[in-house]
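K.L.:
In order, the protein sequences belong to chains A and B.
Taking the numbering used here, the leading residue of the first sequence gets 118, the next gets one more, and so forth.
Taking the numbering used here, the leading residue of the second sequence gets 323, the next gets one more, and so forth.
Honestly, the hints are just simulated from the structure, not real lab data.
C-beta: ideal position from N, C-alpha, C; glycine also.
You can take every hint at face value.
Using C-beta positions, here's what the derived DEER-type ranges look like:
#1 Glu169(A) / Pro832(B): 39 to 45 Å
#2 Glu231(A) / Gln577(B): 44 to 50 Å
#3 Ala199(A) / Arg401(B): 40 to 46 Å
#4 Lys798(B) / Glu135(A): 51 to 57 Å
Only pairs whose alpha carbons sit at most 25 Å apart, straight line, appear in this in silico DSS-like list of lysine-lysine:
#5 Lys451(B) / Lys671(B)
#6 Lys737(B) / Lys125(A)
#7 Lys239(A) / Lys798(B)
#8 Lys547(B) / Lys166(A)
#9 Lys239(A) / Lys737(B)
#10 Lys798(B) / Lys737(B)
#11 Lys549(B) / Lys125(A)
#12 Lys125(A) / Lys163(A)
#13 Lys714(B) / Lys798(B)
#14 Lys222(A) / Lys160(A)
#15 Lys166(A) / Lys549(B)
#16 Lys125(A) / Lys547(B)
Listed here are the chains, written in short residue letters.
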Amino acid sequence: MAETRYSKEHEWIRLDGEVATVGISDYAQSQLGDIVFVEVPEKGRKLTKGGEAAVVESVKAASEVYAPVSGEVTEGNAALTANPALVNSAAQGDGWFFRMKVANKAELAELMDEAAYQAYIKGLG
Amino acid sequence: MDKSQGRISRPDAGPTAEIVTASGHRGLQIEELLIFEQGVPGRSGVDLPEPPKVKDRLNGMRRQGGIGLPGLSEPQVMRHFTRLSQKNYAIDSGLYPLGSCTMKHNPRLNEKMARLPGLADIHPLQPVKTVQGALALMHQLAHWLKTLTGMPAVALTPGAGAHGEFCGMIAIRAALDARGQQARRRVLVPESAHGTNPATAASLGFEVDSIPADARGRVDVAAFKAKLGPDVAALMLTNPNTCGLFEPDIVEIAQALHDAGGYFYCDGANFNAIAGRVRPADLGIDAMHINLHKTFSTPHGGGGPGSGPVVFSEALAPYVPLPYVVHGKDGFRLVETRESGAEPFGRLKTFHGQMGMFVRALTYMLSHGSDGIRQASEDAVLNANYLLARLKDVMTPAFEGPCMHECLFDDRFLKDSGVSTLDFAKALIDEGFHPMTMYFPLVVHGALLVEPTESETKAALDEFVASLRSLAARAKAGEAAAFHAAPRLTPRRRLDETRAARQPVLRWKPSGTSRQAAE
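Please build the complete structure, drawing on both the sequences and the hints.
P.N.:
Quick look at the structure:
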């Protein structure tokens with residue numbers, strides 16, 4: 118199974134061949150609370166690492182979701198429009214945000230692995 | 323009686339749940355139906371004469387069906403809206419400590435002045451010579467806003483704080499265009515700024531670049547300086563910031579920004595903490611909006627429209643939008659088109675701004691005087707610090723040291739109690755208080771932002787403190803279940819906010835075939 122990597126902004130990314138799947142971490146969804154709205158990018162949109170890619174809104178706050186690496190969107194998760202609660206129930210599964218063709222796979226190495234991310238969120242208290 | 327529609331939560335639990343009434347009412351707490359549910363076809367509160375025969379000049383464009391107005395008598399209508407108003411919580415009912423919103427008392431004198439026929443019953447399209455008093459009032463308000471801020475120019479037209487930001491940032495863009503510096507596209511916005519600041523910059527096509535806060539909740543000056551460059555258009559800083567803290571390095575920040583060729587926009591939403599004490603011009607600010615509805619006590623939050631005049635430095639003064647009032651040999655007049663020496667960027671509103679708010683704000687200024695405005699700011703800061711001092715041993719202040727006009731707590735004091743910031747706020751409603759602002763600013767975990775304003779007496783603050791201390795103690799004592807069930811004493815229990823957002827019911831629809839209309 119492909120390895121999941123994480124950004125400091127709590128996005129996860131999993132590469133499968135040329136295409137990677139991106140979402141927000143389980144920790145991020147737990148901090149946001151009940152998600153009520155998600156806006157995912159359209160197919161073909163060019164993303165820059167660290168740039169704004171999607172929007173997630175909970176009963177507490179609206180937040181931006183950033184592209185963990187650069188690339189081009191191949192698919193947004195249409196299911197989230199009708200059922201944003203998927204992000205709460207399966208943040209790192211069916212609640213994925215978008216898929217993208219990664220421009221430079223080396224950028225993935227700059228992200229945290231599972232152990233590093235768990236240590237990182239522990240430090241956030 | 324069918325009372326089901328649109329009502330999710332019922333008063334079906336809690337300490338008084340065992341008391342069931344035949345009517346569904348609870349004491350004099352009336353279960354109010356929607357006005358459409360009360361309507362009966364054919365009932366009417368007015369008796370109009372039969373309309374005269376008229377010749378149809380609308381070329382056959384007639385209404386196709388009924389318009390669905392409910393049929394009601396006048397007493398029904400009066401009672402409906404009176405009951406709704408009684409369910410409303412407002413600054414006139416009690417403490418309204420909503421941080422960042424400045425829910426201060428709206429003096430009755432303001433209302434009396436705003437209702438003077440010479441100010442209330444005029445029209446923007448009236449001949450200018452018949453509204454000299456109104457124009458004089460606007461001119462005088464502009465004078466005092468310039469005096470209080472030390473700035474040479476002001477735009478009165480913006481209709482609210484964010485509209486003011488928009489106004490200020492367009493002026494900055496116009497000034498950059500005039501300098502031929504269209505390449506300056508980046509706007510620096512600290513994390514502790516109001517959320518509208520990055521939104522304003524983005525809506526004008528600028529690129530927003532966030533500046534981190536330091537451990538004291540202030541702008542990280544070194545990080546700010548590192549971001550300066552030839553592509554920086556402006557800085558948008560809120561001072562005091564959304565953590566209720568003064569930015570002590572503001573003069574140094576302004577100097578560095580100006581040296582790098584950028585303009586300084588200050589969000590003046592929290593001017594109520596420093597009015598009469600600090601002149602923004604002395605801090606190096608180029609443009610700042612002033613929320614008349616906050617600092618100068620005009621009603622807002624459902625009670626009236628906002629008003630967000632913007633003051634400008636010498637550098638931006640030529641770009642002040644139309645229209646504005648000037649005084650000449652023929653009295654006061656509104657400048658509606660470009661005149662020599664000025665480069666107005668255009669217009670922001672159809673007419674001249676929120677006249678009713680101008681009247682109230684000027685009344686507040688003149689009735690308080692410069693000493694009174696200064697004291698109002700001092701008392702607002704004193705009240706917030708009193709709350710901070712009385713609560714800091716049981717709640718956890720987000721930052722060390724004194725605050726300005728609002729005090730900020732994080733949720734560390736609720737850690738491991740099973741009680742969230744939301745639960746805590748809901749329990750405060752049972753105590754008879756409107757909750758503080760929750761989960762804002764975002765830079766603080768589980769934030770509780772409390773702004774008492776200068777309107778409250780020490781006795782009122784003590785009562786509030788006693789409730790908060792009791793709740794904090796109960797949370798620590800392991801009463802999480804009681805918090806999760808709060809509020810218990812309100813007409814409705816905790817509302818399903820998630821479902822309301824996910825499946826909003828935005829309009830009432832008649833059930834079945836029975837149309838409620840008096841057609």
